[in-house]
Each structure stands twice: as structure tokens, then as C-alpha cells.
Amino acid sequence: MLEYQMHEYDVLVIGAGGAGLRAAIEASARGASVGVITKSLLGKAHTVMAEGGIAAALSNVDERDNWKVHFADTMRGGQYLNNWRMAELHAKEAPDRVRELEAWGALFDRTKDGRILQRNFGGHRYPRLAHVGDRTGLEMIRTLQDHGIHLGMEVHMETTALRLLKQDGVVIGAFGYDRERGRFLLFRAGAVVLATGGIGRAYKITSNSWEYTGDGHSLAYHAGASLIDMEFVQFHPTGMIWPPSVCGILVTEGVRGEGGVLKNKEGVRFMFGDIPENYRSQTADNEEEGWRYTQGDRNARRPPELLTRDHVARCIMREVREGRGSPHGGVYLDIAWIKSRIPKGAEHIKRKLPSMYHQFKQLADIDITEEPMEVGPTTHYVMGGVYVDAETQMSDVPGLFAAGECAAGLHGANRLGGNSLSDLLVFGKRAGEHAACFAKENRTPAHHGLDSDQIKAMAEHAVAPFERSGENPYRVQADLQELMQRLVGIVRRQEEMQAALEGIAELKKRANAVAVTGNREYNTGWHTALDLQQILTVSEIITRSAIARKESRGAHFREDFPSKNDGEWSCNIAVRQSASGEMTIERRPLPEMPDELKQVIEQMK
Amino acid sequence: MAVTTFRIWRGCDEQGEFRDYTTEVFPGMVVLDAVHRIQAEQANDLAVRWNCKAGKCGSCSAEINGNPRLMCMTRLNSLPLDRPVTLQPMKTFPLIKDLVTDVSWNYAVKKEIRKFEPRPPDAQDRTWRMSQGDVDRVQEFRRCIECYLCQDVCHVLREHSLHDRFIGPRFLVHTAALEMHPLDNANRTGDLKDRHGIGFCNITKCCTKVCPEAIAITDNAIIPLKERVVDEYFDPVRKLFRILRP
Ligand SMILES: Cc1cc2nc3c(=O)[nH]c(=O)nc-3n(C[C@H](O)[C@H](O)[C@H](O)COP(=O)(O)OP(=O)(O)OC[C@H]3O[C@@H](n4cnc5c(N)ncnc54)[C@H](O)[C@@H]3O)c2cc1C
Ligand code: SF4
Ligand code: SF4
Ligand code: FES
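Just so you know, the sequences run in chain order Z and H.
Reading the first sequence from the start, the letters are residues 1 to 605 in my numbering.
Reading the second sequence from the start, the letters are residues 1 to 246 in my numbering.
Think of the hints as simulated: they come from the structure by calculation, not from any bench.
Only a predicted model underlies this, so the values are computations on that prediction, with no experimental measurement involved.
Be a bit skeptical, because a hint or two may be false.
As the list claims (entries may be wrong) - Simulated crosslink set (BS3-like; lysine-lysine; CA at most 25 Å straight-line):
(1) 361(Z) / 344(Z)
(2) 350(Z) / 91(H)
(3) 361(Z) / 209(H)
With the hints as constraints, model all of the structure from the sequences given.
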């Protein structure tokens with residue numbers, strides 16, 4: 001029963017979304033042998049769902065844009081908790097990474113003079129998002145996939161990593177199983193890149209798929225790496241809320257970028273009533289100016305609907321709480337109104353937002369060219385993740401790298417829309433490059449360091465749910481999602497989060513006692529039982545980090561500490577497993593920013 | 001609340017059977033929601049693929065009452081619910097278990113298609129200029145979410161199992177996207193004719209009918225490719241030209 005197949009690579013990439021594929025491409029191009037594992041089929045990772053676009057200061061639409069503006073926007077959006085060096089590299093390198101996609105076959109929407117078209121998005125001063133209608137993620141993942149498969153990497157589809165393997169303090173591979181047949185696999189590698197995405201399945205209302213159980217976060221934590229910023233979970237302001245079966249599915253910010261407005265049940269554009277101080281000078285104070293901005297008027301300021309996501313989500317919550325919400329507990333997002341401003345408005349909406357049009361038509365019987373949509377906040381993205389070196393993306397455990405959503409640093413307390421896809425490209429590439437170098441410099445013989453007792457224990461632990469009778473894993477998962485949604489959601493309180501910790505401890509016991517039926521072939525109940533272990537670890541990390549940060553900033557809002565406290569909390573919160581297995585929390589000072597960059601921020605204020 | 005029966009294929013090829021599951025249904029539900037309810041409450045090990053639940057990833061393909069569809073985009077109110085809703089896996093691919101099939105053949109086929117080869121950048125900034133008009137046609141093909149429903153329904157694969165001689169509509173669309181890409185310089189007509197078996201397609205248009213992305217597979221991809229093959233290989237002048245300058 002405890003047999004396993006063994007594979008060996010210079011670089012093992014865990015995850016085949018944008019970050020994983022970009023890392024694998026880079027490592028392959030540098031001559032490393034590369035193995036990629038992914039829980040889904042190739043091309044189905046979360047990246048495929050991204051809609052709005054890739055942020056990069058190409059300055060094709062507005063020549064005033066450049067890396068400095070992008071850098072300053074990213075830092076402001078992140079409330080200055082971002083790693084400045086990552087924000088700098090990201091802003092400088094994103095344009096080349098986007099152009100590279102074009103050289104690999106991607107076809108972005110075009111400007112009149114034939115260059116890559118860019119659109120407006122929340123928190124970005126100029127039109128900056130390279131896009132393809134509202135299916136940018138599909139274009140990106142397909143381009144990377146189709147380019148990558150010709151470079152010799154080996155892809156293990158529907159394969160889940162359960163644990164990282166370590167030897168003398170260095171990560172040397174991973175242990176996992178293939179979901180189709182349920183066989184155990186052992187991957188031996190000179191370096192491992194985590195690119196596993198996010199944690200959205202910890203919550204009940206989410207735009208994220210079953211895959212987002214925070215596996216990379218948990219794997220890294222158990223391997224002794226630090227995670228930072230885990231209290232910052234982004235709730236996207238506009239998810240579908242009706243009918244119940246589609247609750248949480250994303251409505252792209254692109255709707256607001258194209259002129260869509262938010263209204264409460266009284267028909268009031270409530271966002272005008274609450275514009276934060278640090279954005280006031282950049283935000284329109286009347287509807288006319290906001291409209292002109294969305295239509296490309298360079299002298300207009302953006303409408304308040306395009307303020308950062310944390311803020312818009314909280315304003316929506318407030319409207320609902322104060323009784324001004326829509327019938328199903330959200331607010332209205334109206335794009336149909338632009339027909340009064342644009343000739344052939346309905347056609348225009350369908351062309352600019354084709355998948356939104358279909359999504360609402362097919363799933364909610366709503367024609368968005370005629371009626372407003374009902375929307376509310378949905379769990380979307382995690383800013384926190386594996387603590388990495390800005391240049392190399394290596395974690396604080398040698399041999400372990402991380403990139404994309406599962407890594408932290410770039411986004412600080414709040415991510416700007418579009419900055420994730422560019423993050424994947426910029427830091428996926430860097431991770432692949434440095435992982436390949438690390439593997440080359442630290443070659444160890446294949447079987448060295450494989451502790452067969454340890455592997456046996458991992459395998460036994462994994463199959464234990466078959467050998468006991470007990471609770472159904474789906475029930476435990478649903479209870480966890482319910483708990484996190486209720487107690488560690490958009491608005492947080494000390495006592496509630498303490499209660500969540502107790503709840504999580506209880507759920508851990510239940511998770512360790514779940515039982516599964518059937519055999520090991522494509523057994524989704526078993527998969528859920530195993531994923532549950534990871535998401536519970538991650539939920540505890542989120543909760544402990546959120547308890548620790550006694551202020552409100554970006555995506556982290558505490559009712560008991562409602563304001564920002566720069567004096568005390570301009571730092572990251574880091575979580576790490578101690579040698580004795582306890583979860584430890586510490587404050588970590590922000591790296592000192594060089595004066596030139598401080599000036600850049602000052603100039604852009 | 002209404003209750004509906006779902007007749008779901010369970011098991012693998014040799015030892016499989018339809019089993020009936022009855023579950024509550026709510027307004028707005030799609031087939032995938034019902035499958036998830038059944039999975040969570042009655043059949044924990046029920047195998048099904050899904051990711052996005054919004055028709056974007058192409059994971060949840062199955063045959064619903066005999067029609068190849070995405071489960072996440074099929075509303076229950078579009079189906080007759082007074083009799084059981086039948087759910088079975090795609091027939092064209094080997095079954096793994098329940099609603100999950102082995103689609104790895106598709107990934108192997110793609111690797112065989114000659115990759116994108118751009119012409120050298122011609123704008124000053126070492127990129128290219130392309131007008132929206134030039135890319136529109138190819139953007140249609142690039143909407144493909146690789147659900148493989150078109151492969152499932154094509155008789156050349158489904159009935160005649162010519163998997164080793166015909167790449168199927170999905171990869172004709174892929175080839176068309178490369179061939180008509182404004183920057184691509186490679187030529188794939190020889191492959192289309194020989195290794196990729198475009199001749200097997202007799203334009204029944206079944207593939208176009210099932211495509212959830214509404215790609216005009218036959219009219220916009222396959223027929224123009226067939227014309228290229230004819231132009232290049234069967235046009236007498238061209239043929240002579242090829243013989244003289246191979
Ligand atoms: C609906 C939606 C729309 C979005 N729109 C935008 C947008 O317009 N612009 C933008 O910038 N961002 C957007 N985002 C965010 C962005 O898409 C994601 O943050 C990003 O795609 C994450 O990429 P990734 O490469 O880190 O991970 P993913 O693409 O999620 O890939 C993760 C990979 O890891 C694998 N994996 C996970 N765990 C394991 C394990 N244990 N073993 C093996 N493999 C594993 C998965 O199978 C998958 O292959 C959007 C997100 C959503 C949900
Ligand atoms: S048109 Fe051609 S490819 Fe499409 S289903 Fe018919 S035979 Fe198959
Ligand atoms: S062409 Fe259409 S039916 Fe075929 S795989 Fe692509 S999306 Fe699916
Ligand atoms: S789940 Fe993604 S297409 Fe159905």
C-alpha cells in the first residue's frame with residue numbers, strides 16, 4: 001500500500017497558474033530540468049478566471065504613466081506595508097513581461113495605432129491594464145501553457161503536494177499523490193517553487209475554486225518558513241449575490257472601469273459620500289467628472305467607485321447594514337445607464353464585457369444592458385503569504401521559493417486590481433531563474449536525505465481516513481467556512497476572533513477524525529479531507545495575525561481599533577512554526593526605503 | 001422546495017452503472033450545484049471536475065440528458081425536472097470514474113502542433129503593431145476554454161475513434177488561431193493534410209453547435225483551413241510550383 005513512484009528534477013514547481021508556469025518557463029529556458037505539479041488539469045488554474053487585466057506601465061494610452069507612478073500607486077494601495085523593493089521591481093519589469101507574452105502569441109486588445117490597449121482600474125492613476133475583453137486570465141494562462149509545453153517541462157496534472165521534504169535545513173522535494181489514481185508520489189528536486197495561489201475556500205462566500213485551500217501557505221509553514229501579512233484578506237466589493245447558487249462569483253471591476261456605478265436602493269451613488277482623505281485630490285467630486293474619466297478624459301479624476309477594494313467593500317457593507325441595500329442584501333451595480341451617454345450602448349457593453357453579459361444572462365436571468373446587477377463583497381485574494389527575498393523569491397528556508405498569490409510582500413495591506421497578474425509574471429520569472437541557479441549550485445545525490453520512515457508516516461497519515469469511521473469531511477469544511485465568514489470576515493472584533501480560534505481548535509479535532517468511503521481513485525471526499533488539513537492551518541494563521549494587529553489598515557478592519565496607527569503598526573506580522581511545533585507570532589520591521597523612492601512617493605501624492 | 005432525481009453514472013467502465021440520487025433543488029441552481037449537494041450529502045466520493053463555476057475554465061464538461069454541456073452553465077430550469085436528469089461522462093475519452101474522463105490525449109495532441117513562430121518585431125520599440133481588425137478573427141478562436149465538448153461530439157472521434165489520425169475540432173481551432181495570427185510565420189498546411197487529418201472532417205457542424213464559447217468552429221476555422229490545404233496541395237499551378245521548388 002505504501003509504495004510510491006519517484007521523480008527527480010532540478011526544479012519542482014508546485015502550481016500551474018500564471019506564477020508556476022512563468023517560473024517553469026524561466027527555469028526550463030535556463031537549462032534546468034523542470035517538473036510541474038497541479039491539482040487541476042493544465043490550463044484550469046485560477047489564473048484562467050482573471051478578467052480585468054494585467055497592470056503594467058506601458059504608457060500606450062497615457063504617456064504620463066511610467067514605473068514611478070505605478071510604484072507609488074501600488075505603495076499607496078498597500079498602505080505602505082509593501083516591500084518597497086518588490087514594488088519597485090514589479091513596476092519596472094511588468095512592461096517587459098507583458099510584451100514578452102505578446103512575443104509568445106498573446107493577442108491583447110489594441111489601441112488605434114495598433115499597440116496594446118490599456119484600461120482604467122481601481123487605484124491606478126492612469127489607464128494601465130493590458131487586457132483582452134474580460135477574459136485576460138485565459139489569454140495569459142493559454143499563452144504560457146502553449147509556450148511552456150514546447151520547452152521540455154514535465155507536467156503532472158491532477159497531482160497534489162501534501163508535504164515538503166527537508167534535509168539539513170534545506171528543502172529537497174515534496175511528497176504527494178495523484179488525484180486520478182490515488183497513488184503516492186515522491187518528487188526529489190534541487191529547488192522547489194511554491195505557486196499554489198490563495199486561501200479563499202476558508203470562507204463561505206468566495207470567488208475562489210475548490211483548489212484555494214492555502215496548500216502552499218501551509219506547506220511552507222510546516223517546512224519552517226515564515227508567512228507575513230496573513231491578516232490581509234481581500235474582499236472584493238462586487239460578487240454576485242443572487243441567485244444563492246452563484247453567490248460569490250466575481251463581477252469584474254472592469255464594469256466600473258467602463259462607467260458602471262454603484263447605487264443603494266434609494267438610487268443614491270453612495271460612494272460620493274465617503275472619499276478617504278489620502279485619495280481626495282485624485283477622486284472626482286461630481287458624477288459628470290467621474291463619467292468623463294471612464295471615457296478617457298485625461299483631465300478628469302476617477303469616480304469614487306474606483307477607489308480601492310477594501311474601501312468600496314466596506315461602504316457596501318455599511319449601506320446594507322443601515323438598511324439601504326438591495327432586496328438580497330447587496331447594492332446595485334448599474335452599467336445599463338451608459339446607454340444614455342453612448343450611441344449603441346448595449347452593443348458597446350456586450351463588446352467590452354462579454355463574459356459578464358453572459359454570466360448574468362445565463363446564471364441570473366439578468367440582461368446587464370437593461371437592468372442593474374445586485375452585488376456584494378466576496379472573498380477574493382490573500383495579500384499575505386510566504387515571506388520571500390525581493391530579488392530571488394527565496395523564502396527563509398533555503399531551497400524553497402514562492403511566487404504569485406502564495407507569496408507576500410508586493411501588495412502590503414491591499415492589492416490593486418491588475419497587480420496580481422503582473423506579479424505572477426514578474427516574480428514567477430524571478431523565482432524560476434533563481435530556483436534554477438540554486439539547484440545548480442547545490443546539487444545533492446538523488447537518494448541522499450530521504451528518510452523512509454518519515455515518508456511512511458506521511459503516507460499512513462494520508463490514508464488514515466479510509467481506515468476509520470467518522471464524520472463526513474464536507475461537513476467540517478462547511479462549518480469552517482461558516483465560522484471564518486462570521487468571525488474573521490470584513491469587520492473584525494477581538495472577542496469574535498478569540499471565539500474563532502476556539503472553533504478552529506475544535507474543527508481540527510473533527511478534521512482528524514473524518515472518514516471517507518470508497519477507494520483511492522478520484523475520491524473527492526478523500527481529497528477534501530486532505531485539503532482540510534491545510535486550510536485549517538491557514539485559517540488559524542489568518543486569525544492569529546488578525547488578532548495581533550490592533551489597528552485598521554487596508555483590508556484589515558477592526559471595529560475595536562477603527563483607525564490606522566502608523567506609530568505602532570508600520571510593520572509586518574510574521575507567523576512561524578517554532579522548533580517545538582508551536583505557532584509563533586512576531587512583528588517584523590519594514591525594510592528601510594531609499595530616499596529616492598521616498599521622494600517618488602512624495603511627488604505622486 | 002422541489003425535489004429532483006439525478007441519474008448519475010457511477011464507477012468505471014467495466015463495472016459502472018447509473019444510480020439515482022434525489023435532492024432538493026432551489027431557484028437559480030445549475031446542474032453542478034445539484035451534483036455538489038449530492039456529493040456533500042450522499043456520495044462523498046463522487047468524482048467530478050470543476051473550478052470556476054462560471055463557464056471560464058472548461059473543467060465541468062459532461063453529457064446532460066445526452067447533450068454535451070458545461071454543468072456549471074446549465075440551469076435546472078432549462079431541463080424537464082418531472083423525470084430524472086441523466087448525467088454521464090463524455091463518451092469520447094476513456095473513463096476514469098463517475099463523471100471524470102481521461103482527457104490527456106488532448107494535451108498530447110497539442111504538443112504535436114507546430115508552435116507559434118512570430119516574425120521579427122518591426123516597430124521601433126522592438127514590438128509589433130497590429131490593428132484591432134487584424135486580431136478580431138483570432139481572438140474568437142482564443143476564447144476557447146478547452147472544455148473538449150466539441151471533441152466529445154465529433155463523430156470522427158466519438159464513433160470512429162480515429163484519435164491517432166485526426167486532431168479534432170478543438171485543435172483545428174487551435175491551428176486556425178496560429179495560422180491566422182497576424183504575426184505567425186510558420187506553415188501548418190502540410191501537417192493539417194497529413195498527420196492531423198483535416199480531410200476526415202465532413203463539416204457536419206456538430207462541434208459548432210455544442211461550443212459553449214459560441215466559436216464558429218466550422219465556418220470560421222475549419223473551412224478556411226480546408227481551403228488553405230486545397231489551395232496549397234490541390235491547386236494545379238501551386239502543385240507544379242511545389243514540385244519545382246520543394
Ligand atoms: C474571478 C477572479 C478574477 C480575477 N481577476 C484578476 C484580474 O483581472 N487581474 C489580476 O491581476 N488578478 C485577478 N485575479 C487574481 C488572480 O487571478 C490570482 O491572484 C492569480 O491568478 C493567482 O495566480 P497563481 O499563479 O498565484 O495561482 P493559480 O493560478 O491559482 O494557480 C495555483 C496552482 O497551484 C496548484 N496547487 C494548489 N495547491 C496545490 C498542491 N497542494 N499541490 C499541487 N498543486 C497545487 C493549483 O492546482 C494551480 O495549478 C482574479 C481572481 C479571480 C478569482
Ligand atoms: S464539423 Fe468536422 S470537426 Fe466538427 S463535428 Fe463535424 S466532422 Fe467533427
Ligand atoms: S472550441 Fe468550443 S467546444 Fe471546443 S474545446 Fe474550445 S470551447 Fe470547448
Ligand atoms: S466549472 Fe469552469 S467551466 Fe464549469
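Hints versus structure:
no.	hint	in the structure
1	361(Z) / 344(Z)	holds (19 Å)
2	350(Z) / 91(H)	violated (34 Å)
3	361(Z) / 209(H)	holds (19 Å)
Of the hints listed earlier, the one the structure fails to meet is number 2.
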